[in-house]
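As a plain string of letters, each chain reads:
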Amino acid sequence: MWVIVLLFGVSLITFVIFYLLPSSNPALLRAGHQPTAALIKAIDHEYGLDKPWYNQYLDYMKALVLHFNFGYSFEYQTPVRTMIFNRLPATISLALGAAVIWLVSGIIIGTISAVRPRSRFDRASMGLALVAISAPPYWLGLLTLFLFSTSVGKFPIFPGAGSYVPLTQNPVHWFTSLILPWLVLAASFAAIYARLLRGNLMEVMSEDYIRTARAKGVPERRVIVRHGIRSAITPLVSAAGVDIGVLLGGVILVETVFTIPGIGQLAYQSILQGDLPMIQGTVLLGAFFIVIMNLIVDIGYAFIDPRVRYT
Amino acid sequence: MRSTSERMGMRRLWRLGLTVVVGVASLAIVGCGSSSSSSGTTSSSKIVNGGTATILWTAGGIDSLDPGYWYYQDDYSDIMEPTQRQLYSFTEQGTYPVPDLATSLPVISDGGKTLTIHLKSGIHYSPPLQSKTVTSSDIKYAMERCFLASVANGYAEAYYPKIVGAPPAPVNKLPNITGLETPNPTTLIIKTSVPVGVLDDSNALALPCTTPVPEYYAAKYDKGATSTYGEHEVFTGPYMIQGAGSGTIPASGYTSGRIMILVRNPSWQRSTDPLRAAHFNEIVFKGEYDITIAARQTLTGSNMISGDYAAPPTSILQQGVTGSEKSQFIIAPSDGNRYISLNTTIPPLNNIDVRKAIAAVIDKNALRLTRGGPTLGTVATHYIPPGMPGFDQAGGDAGPGYNFDTNPNGDLTLAEQYMKMAGYKTGKYTGPALLTIADNEPPASNTALAVQSELATLGFKLIFREVPHATVLSKFCLVPKAKVAICPTLGWGKDFYDSQSMLDPVFNGKNIVPVGNTNTSQVNNPQLNAQMNAAEEITNPAQRAIAWGKIDDELTAGAYAVPWLWDNEVSFASKNVHLQVWAFNGNAPDVTNSYLTKG
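Protein chains in written order, with numbering that gives the first Met the number 0: chain A, 0 to 310; chain B, 0 to 598.
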C-alpha cells in the first residue's frame, strides 16, 4: 500500500513542480512555427491544458491508472509510453550489466582487503578505489573512449560511442558495445562497495561467533564466506537495491557519453525541451524502480541474513 | 521553433542560445577563416562516387519530415537539399536563386505583380508515386498548405500574404489562393496585389514551401490538427528516406533525433538537376551523441561530416584549426547575428538614452570570448551581417558610427554620460530591478552572466533567471505579457540573401503578437514600420539594399537592442571527405555535393 502512496506522492510533486516553475508551454511545442493565440487556445482546449492544474493532474492519473497511459510528448509527437518502452531495454542492459560487474568486483576486492588488511593488495585496491570514487563518470567515459574505443581511441579495442545495438538484434555486438559503458558505470560503485564491505567484514570477523566457528575447527574459507560475508553483506544489499533502482530510472551521464538510447538520455533531453509529459513519465519510472528494488531488497534480507530469518 | 543546436542559418531565433558546449576559452590566436577555402576543404585527391557518409547529431537533428514545416538550418542541410527540389535554389556559393524545378527565372509583368514560371517536365516522384510527374498544381497545393495551421509553417505569412487570395493568418481549411494559377501542368502564374521584392527576385520561391506536394496523395494526410504528410512523404531530390517507398516511412528509416538513413531515389535523374551532384550512395544520420565524441570521431574517422552543432568544443576547435587537421575545417560567416534584446515598453528601457547607455557599456569582445573568441565570429556594429545586401550601406564592418556603438570593449564613461542625460544624476541606474531571462546552458549562459556583470557597472540590478532555451522563448522572451525587460541570449539568421529577412521580423511593429512574438524589443515606431513596409515592395535589388541598409542604420541609432556578434559557422569533415558548404544555408555542410576522396 505504501508503494502506491509513494508513487502517487512522487507524481503529484513532480506535476506541481513543473506546473508552477518556469517551463515550456506544451501547446507551443505542438503548435510549431505559427503559434498564434487562436491555435494555442485550440490546442490547450484539445489537450485539456486550459483546465486548472489539479484537474489536469486528475486526468493524468486517471489515464495512467486505467489505461497505463503516460500522456503524449509534444516534443517527440509520440506517446510517452512508447518512447519509454522503446528505450527501457538499453537502460536495463546498462544498469544490470554494470551492477553485476560492480557487485562481483566489489565483493571480491572488499573481501580480500578485509582478510588481509594493510597488505599491498589492500593498500593498492583501496587507493584505486579512492581514485574511482573521485572520477566523475562523464570524465571517465570520455577518457576510456579516447583510450580504448575503436572510433577515436589511441588503443582501439572496444566499440565506442554510438555502437549500441539491442540484444535481440545482435547479442555479440550488444555485449561488446556495452563493455566500456559497463566498466565506467561500475567503477565508482565497485570502489564504494569494496570499501563498504571491507569495513563491515573486518568488524564482523572480530565478532565472538566467528572466533567460536574457528575454535570449532571450521575451515577459514568457510568461516569467511558462510559466517563473515553473509553478515557483512547486508548493507551492500540495501545499497545495491537503491543504486540499481536509481540507475534503472536513467543513467544520464554514461548514456550521454556513449550515445546509448536509454531513459537517462530521454529524461535529459526532455528537461531541456520542457517536455512535461515525458519528464513526468521518466520521473515516475525512476520512482517505480526505486520502490520495486527496495521491495526486492526487503524480501532478499530474509534469505541473506540469518538474523532476519529467525526473528 | 525548437532549441537543440546552435547552428545559424534561416530564421533561427530559437536556436541561437542553445545547449552546445562550445566552451569559454578564447581562441584569439585563431582568426576567422583561418582554415581552408570558403567553399570546400582542400584536397588534391580523386573524387570517389558512392560510399556512405555518416553525420552525427548532438542536438536532435531535423525538426520534421514535412517540407512545409522545414525552416531551420539542419532541416535545409540534412533533408531539404538531399531529398527535395524547389522552384528555385542556390548553387554552393551562390547568393542569387537559380532555377531548380523551374526552367528559368520568373517572367515578370504587370509592374512586378505577375510572375510566370515554367516547370521542367518529366520530373518524377519517388516510390510509391514513381509513375507521377511534378506539375504546377503540386506547387500550388504545396504553397496553399503552407497556410494550414496543421502544417505549422514559419514564413508563409511573412513572404506570401500579398499573393492574391492568400489568407493573412494560418487557417484550418485549405485556402484557395486565386493568385496561384495553373493554366497547364508546366506553368505556374503568381499574381500579387502589390509588387513583392522577395518574390520578384525569386528568393522567397527558393524556400521549402515550393517543394511540390501532390494534392491527390497528400490531402488525406493534411486533415486533422497536425498534418502527417511527412510520415508518408514522396521525394523529388536525389535521395529518399530508406523504406519510404512503401508509402509510410518506417522507424528504421527515420526515428526522431536518433536516426535517419537516406538512400538513392530511383526516380531522380541527374540530367535534370545541375545543382546536386549526389556523390554518396547513402547518407546516415545518427543521433544523441555527445558533442566532444561526435566532433573527435568526425575528425579522426572516415566518411564523416559534422552535424547539428555550430562549432566543436573549444579544445577540439583550437587544436583543429591550428594543427594538422586544419584542412578539414571550413570556417565561414553564418549570415546571422546575436543581440541583447531591450524591451522598449518597460521603463527605463523606454528611454532611448538608457538604451544607448546599455549599448555603450556592453563589452562585445568579452561577450564574444564567452563563445570562443574571434574564430566564432566578428564583433557586430549593426544588425545586417557581412555579405548581405545592405551591409555596406549600413556602414560595413565599422557600422553607422554612433558613439555608443563604436568601442567593442565598452565605454563606461560614455555610458554614464547617457545615464545622466536620461535623468540619473550619478550616472548610475537607481530604479527597480529588471526582469532578465537567459539560457541556462553554456555558452549562452556564460554570455548572460557577462551581460549581467557589465550592466551592474551601470547600477542595474537584474531579476536574473536562467531557464532552458525552449522556456526562454516559449514562456518569456516571445510572450509580451511576460514583461521581460532584457533577453541577453537571442539571435537571428537570414532566410535568404535579402535583408528584409534579417530586420522585418525582429523590428516591424506589425510582427508584435501575443505569443511567438519575434519582435522581442517590441519596437513599434510608425516611421520605421512605414519604411519597412515600403522597402518590402521595392523590386530593384540595388534599391532594396539601400533601403534596408538605411533601416539598419536607424534601428542601430534607436538602440532597440545591442547587436554584438556576427556568427561564423564551423564545419568540418573526416580526412577522406571533400567537404562542401552551402552559403545559402549559412555555410553549413552541403552533404549533397560533398564527396569521398581517394589517394
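Please note that the accuracy of each hint is not assured.
As the list claims (entries may be wrong) - Derived contacts from chain B toward chain A, CB cut-off under 7 Å, selection only:
#1 Y288
#2 A449
#3 E465
#4 P513
#5 E536
#6 P540
Keep in mind that the hints were calculated from the coordinates and are not lab data. Every residue gets a Cβ at the ideal spot worked out from N, C-alpha and C, and that includes glycine.
Against the structure shown, which of the earlier numbered hints fail to hold, in ascending order?
-> Checked against the structure, the hints that fail are numbers 2, 3, 5 and 6, while the rest are satisfied.
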